[in-house]
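Undergrad: The listed protein sequences derive, respectively, from chains A and P.
Under my numbering, the first residue of the first sequence carries the number 198, and numbering increases by one thereafter.
Under my numbering, the first residue of the second sequence carries the number 55, and numbering increases by one thereafter.
Be aware that a few hints might be false.
[Said to hold, decoys possible] Rough simulated footprint, nothing fancy, chain A against chain P, three-plus residues with beta-carbon under 8 Å:
#, stretch
1, 82-89
2, 92-106
3, 151-160
[Said to hold, decoys possible] Partial pick of chain P residues on the chain A-facing surface, computed with a CB cut under 10 Å:
#, residue
4, Val58
5, Gln60
6, Ser136
7, Thr140
8, Leu142
9, Cys143
10, Ala144
11, Thr146
Think of the hints as simulated: they come from the structure by calculation, not from any bench.
We put the CB at the ideal spot given by N, CA and C, even for glycine.
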Amino acid sequence: GAGVSQSPRYKVAKRGQDVALRCDPISGHVSLFWYQQALGQGPEFLTYFQNEAQLDKSGLPSDRFFAERPEGSVSTLKIQRTQQEDSAVYLCASGAAGGTEAFFGQGTRLTVV
Amino acid sequence: QKEVEQNSGPLSVPEGAIASLNCTYSDRGSQSFFWYRQYSGKSPELIMFIYSNGDKEDGRFTAQLNKASQYVSLLIRDSQPSDSATYLCAVTPNRDDKIIFGKGTRLHILP
Chain A
198 GAGVSQSPRY
208 KVAKRGQDVA
218 LRCDPISGHV
228 SLFWYQQALG
238 QGPEFLTYFQ
248 NEAQLDKSGL
258 PSDRFFAERP
268 EGSVSTLKIQ
278 RTQQEDSAVY
288 LCASGAAGGT
298 EAFFGQGTRL
308 TVV
Chain P
55 QKEVEQNSGP
65 LSVPEGAIAS
75 LNCTYSDRGS
85 QSFFWYRQYS
95 GKSPELIMFI
105 YSNGDKEDGR
115 FTAQLNKASQ
125 YVSLLIRDSQ
135 PSDSATYLCA
145 VTPNRDDKII
155 FGKGTRLHIL
165 P
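Go ahead and model the full structure; you've got the sequences and the hints to work with.
TA: This is the structure we're talking about:
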């Protein structure tokens with residue numbers, strides 16, 4: 198596709214449930230970023246891939262969060278045993294190369310009840 | 055110290071005037087600088103990027119970078135009501151290529 202595609206757009210999870218969020222980057226883009234955005238805040242960095250290599254996962258808030266990009270294209274962000282504080286919009290962005298501009302998908306709004 | 059700092063606003067500017075948005079960053083070795091616009095309920099949209107000291111103009115938008123002062127700004131000329139949004143400053147630190155965002159400045163253009 199022409200842009201970054203994220204699915205699902207909305208997800209309601211019961212506390213304790215595991216969720217998986219998908220990101221399909223722009224074709225050929227090397228860099229892929231995941232961010233968490235709470236209401237009224239800027240995007241908070243979670244993790245960053247170049248191709249299939251996860252170069253930085255320093256922003257993942259706990260070991261319940263896990264991200265992968267096994268073939269250097271589609272990425273999945275998994276959250277285990279969801280908690281209410283995980284409720285946020287999760288944004289994925291891709292870029293043609295490291296250090297260059299990144300383009301965002303529409304985000305996944307996660308609500309944990 | 056927060057890596058990217060922005061005044062949260064709101065910044066109110068009359069229609070047709072120049073809106074000036076400012077951002078400071080902490081990592082002196084930062085390489086790349088971006089401005090994104092985010093409408094309520096939407097994802098961030100890239101407006102400008104700048105890599106070198108000085109000014110870069112694109113239509114009504116001008117990005118200004120001063121690496122010595124660790125300062126980047128965005129000027130919007132002839133402000134329109136449709137420019138009302140949150141503007142996010144973002145920076146790529148020197149050590150790696152992750153992009154770090156500020157909290158954003160809310161801009162309100164008064165008709």
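Undergrad: It remains to establish, for every hint, whether it holds in the given structure.
TA: Hint check results:
no.: 1; hint: 82-89; in the structure: holds (count 3)
no.: 2; hint: 92-106; in the structure: holds (count 6)
no.: 3; hint: 151-160; in the structure: holds (count 8)
no.: 4; hint: Val58; in the structure: 8 Å, holds
no.: 5; hint: Gln60; in the structure: 8 Å, holds
no.: 6; hint: Ser136; in the structure: 19 Å, violated
no.: 7; hint: Thr140; in the structure: 8 Å, holds
no.: 8; hint: Leu142; in the structure: 6 Å, holds
no.: 9; hint: Cys143; in the structure: 9 Å, holds
no.: 10; hint: Ala144; in the structure: 8 Å, holds
no.: 11; hint: Thr146; in the structure: 5 Å, holds
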